[in-house]
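Everything in the sequence shown is counted per our numbering, starting at 13 for the first residue and increasing by one.
Just so you know, these hints were derived from the structure itself, not from any lab. Quantities reported herein were computed from a predicted structural model and do not represent experimental measurements. All residues carry an ideal CB built from backbone N, CA and C; glycine is no exception. The reader is advised that the hints may include incorrect statements.
Per label pair, the in silico range of CB-to-CB distance [stated by the list, open to error]:
hint: 1; residue 1: R412; residue 2: R291; range: 17 to 27 Å
hint: 2; residue 1: P49; residue 2: A203; range: 21 to 31 Å
hint: 3; residue 1: G68; residue 2: A203; range: 40 to 50 Å
hint: 4; residue 1: L102; residue 2: P49; range: 36 to 46 Å
hint: 5; residue 1: A409; residue 2: R291; range: 18 to 28 Å
hint: 6; residue 1: F180; residue 2: R412; range: 48 to 58 Å
hint: 7; residue 1: T53; residue 2: A409; range: 46 to 56 Å
hint: 8; residue 1: F180; residue 2: V406; range: 27 to 37 Å
hint: 9; residue 1: V272; residue 2: A205; range: 24 to 34 Å
hint: 10; residue 1: D88; residue 2: T379; range: 24 to 34 Å
hint: 11; residue 1: L398; residue 2: A205; range: 45 to 55 Å
hint: 12; residue 1: T41; residue 2: A269; range: 16 to 26 Å
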Amino acid sequence: MGMFELLRREPRFIAFGFMYTFGSSAGQTFFISVFVPSIATAMALNDAEFSFIYAGATIASALVLPLLGKFIDRTDLFHYGAIVGVGLTLACFFTALATGPLMLIAGIFLLRLFGQGLMSHTAITAAARWFGRDRGKALALTSLGHAMGEGLLPVTAVALIALVGWRFSFMASGILLGLLAAGTALYWIRAQADFRRPFQKDGAKAASGDAPGILSIPWFWANLPLYIASPMILTALIFHQGAIAEDLGKTLELFAASFVIFAAVRVPGSLVGGPLIDRFSARFLMPIHLVPAIAGILVLIFWHSTLAVLIYMALAGFTNGLGGTIRQAVIAELVPAETLGAARSLTSSMMVLSTAAGPAIYGVLLTGLGFLPQTGAVGLLWISALYFAGSSLVGAAANRFLPAGIADEEEAPLTPS
Numbered sequence: 013m014g015m016f017e018l019l020r021r022e023p024r025f026i027a028f029g030f031m032y033t034f035g036s037s038a039g040q041t042f043f044i045s046v047f048v049p050s051i052a053t054a055m056a057l058n059d060a061e062f063s064f065i066y067a068g069a070t071i072a073s074a075l076v077l078p079l080l081g082k083f084i085d086r087t088d089l090f091h092y093g094a095i096v097g098v099g100l101t102l103a104c105f106f107t108a109l110a111t112g113p114l115m116l117i118a119g120i121f122l123l124r125l126f127g128q129g130l131m132s133h134t135a136i137t138a139a140a141r142w143f144g145r146d147r148g149k150a151l152a153l154t155s156l157g158h159a160m161g162e163g164l165l166p167v168t169a170v171a172l173i174a175l176v177g178w179r180f181s182f183m184a185s186g187i188l189l190g191l192l193a194a195g196t197a198l199y200w201i202r203a204q205a206d207f208r209r210p211f212q213k214d215g216a217k218a219a220s221g222d223a224p225g226i227l228s229i230p231w232f233w234a235n236l237p238l239y240i241a242s243p244m245i246l247t248a249l250i251f252h253q254g255a256i257a258e259d260l261g262k263t264l265e266l267f268a269a270s271f272v273i274f275a276a277v278r279v280p281g282s283l284v285g286g287p288l289i290d291r292f293s294a295r296f297l298m299p300i301h302l303v304p305a306i307a308g309i310l311v312l313i314f315w316h317s318t319l320a321v322l323i324y325m326a327l328a329g330f331t332n333g334l335g336g337t338i339r340q341a342v343i344a345e346l347v348p349a350e351t352l353g354a355a356r357s358l359t360s361s362m363m364v365l366s367t368a369a370g371p372a373i374y375g376v377l378l379t380g381l382g383f384l385p386q387t388g389a390v391g392l393l394w395i396s397a398l399y400f401a402g403s404s405l406v407g408a409a410a411n412r413f414l415p416a417g418i419a420d421e422e423e424a425p426l427t428p429s
C-alpha cells in the first residue's frame with residue numbers, strides 16, 4: 013500500500029499521530045530556544061546558567077520518561093493522550109508564570125517531559141503498534157508533524173513575543189499545542205475502540221512492562237551505539253558548529269543559514285525511509301542510514317568551500333530524517349505490542365541522554381583535555397565519521413550473526429536478500 017492510499021484509508025489515525033508530533037514542539041529545543049533571551053533577561057540569568065538549568069531539566073525528564081511512558085501499554089489511548097495534552101498545557105502555563113530559577117527548572121522539566129517526551133511517545137507508539145506491515149509509511153507520515161513545527165512555530169513565536177511578550181506567548185503555545193492540537197486529535201479517535209484499546213492487560217504482563225524485554229536482546233545492545241549515533245553526534249556537531257566554522261575558515265552565519273537545508277531535506281529523508289522499512293525492515297536498514305552523513309562529513313573535511321557546507325548539511329539532514337523513522341520502527345520489530353510503550357519510553361530516554369552528553373563530550377575534547385591541539389574542531393569531524401562508520405559495521409555484523417528480537421522470534425538473523 014502506498015502512502016497516499018494509506019492516508020486515504022486511515023486518515024484519522026495518521027492525523028492523530030501528526031497532531032501529537034506537531035504538539036510536541038512546545039517541549040523541543042528549537043521552540044524553547046526562541047524564548048531563551050527573554051527568559052534569561054527576566055530571570056537575570058547568563059548563558060551558562062541557563063544552559064546548566066536546561067541540561068539538568070532535560071536529563072531529569074529523560075530519567076522520568078520510562079516511568080510514565082510504560083503506562084501507554086495498559087491505558088486507553090484516549091485517556092492517556094488527554095492526560096499528556098493537559099500536562100503539556102499546564103507545563104506551558106507553569107513556565108510562563110515562573111518568577112525565579114527554581115520555578116523555571118520545574119517548568120522546563122515539565123516541558124521536556126510532556127512535550128519532547130510524552131507527546132512524541134504517544135504518537136509514535138500508537139502508530140507503530142497499529143499499522144503493522146505499513147508501519148514505516150505510517151511513522152513517516154506521523155513524523156511530518158515535527159517538520160511542520162520546525163517550519164512554522166519559531167517564526168510565529170518570535171512575532172508573538174514581540175507583540176504580547178514571552179509569558180503570554182508561552183500560555184498561547186500551551187493552548188494551541190496542548191489543548192487544541194491534542195484535543196482535535198482525540199476527537200478524531202473518540203469512537204475508535206480498537207485503536208484506543210490498551211495492548212497489555214492488567215497483571216498478565218505487568219512485570220515485563222516494568223522491565224522491558226528489549227534489555228535482554230543481544231542485538232539491541234550491539235546496535236545501541238548505532239541507535240544513538242545520529243542524535244548524539246549531529247546534535248554535538250550543530251552545538252559546536254561555531255568552532256568548526258572558524259577552523260574551516262567559514263562564518264557561523266553560513267552554517268546557521270544552511271540549517272534551513274538540513275531541516276528541509278529531513279522531510280524527504282523521513283518519507284523515503286517509510287516504504288524502505290516496510291520492504292526491507294528497520295533492522296536491516298539500521299547500519300545503512302548513516303552513510304549519507306558520513307559522506308557529508310568527508311566532503312566538509314576535504315573540500316573547504318561554501319558548497320561543501322551546503323552538501324554536508326543536506327546529507328546530514330537526510331540521515332536525520334531517515335534515521336528518525338528507522339529508530340521509531342525498529343523497537344516495534346524487536347518487542348511485542350503489549351510492551352512497546354515501555355520499550356519505546358526507555359529507548360527514548362537513552363536517546364535524550366545521549367543528546368545531552370554529546371555536546372558536553374565534544375566540548376571536553378575541544379577545551380578541557382586539549383585532545384585536539386593540532387586538528388582543532390576539524391578533529392571532531394574525523395571522530396564523528398569514524399564513530400558513524402564503526403557503529404555501522406558493528407550493526408551490520410549484529411544483523412548477520414545475532415537473533416532478530418522477541419517480537420518475531422521465528423525470524424532468522426537478517427541477511428540481504
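Evaluation of the provided hints:
no., hint, verdict
1, R412 / R291: 17 to 27 Å, "holds (19 Å)"
2, P49 / A203: 21 to 31 Å, "violated (45 Å)"
3, G68 / A203: 40 to 50 Å, "holds (42 Å)"
4, L102 / P49: 36 to 46 Å, "violated (24 Å)"
5, A409 / R291: 18 to 28 Å, "holds (22 Å)"
6, F180 / R412: 48 to 58 Å, "holds (56 Å)"
7, T53 / A409: 46 to 56 Å, "holds (52 Å)"
8, F180 / V406: 27 to 37 Å, "violated (50 Å)"
9, V272 / A205: 24 to 34 Å, "violated (43 Å)"
10, D88 / T379: 24 to 34 Å, "violated (50 Å)"
11, L398 / A205: 45 to 55 Å, "holds (51 Å)"
12, T41 / A269: 16 to 26 Å, "holds (19 Å)"
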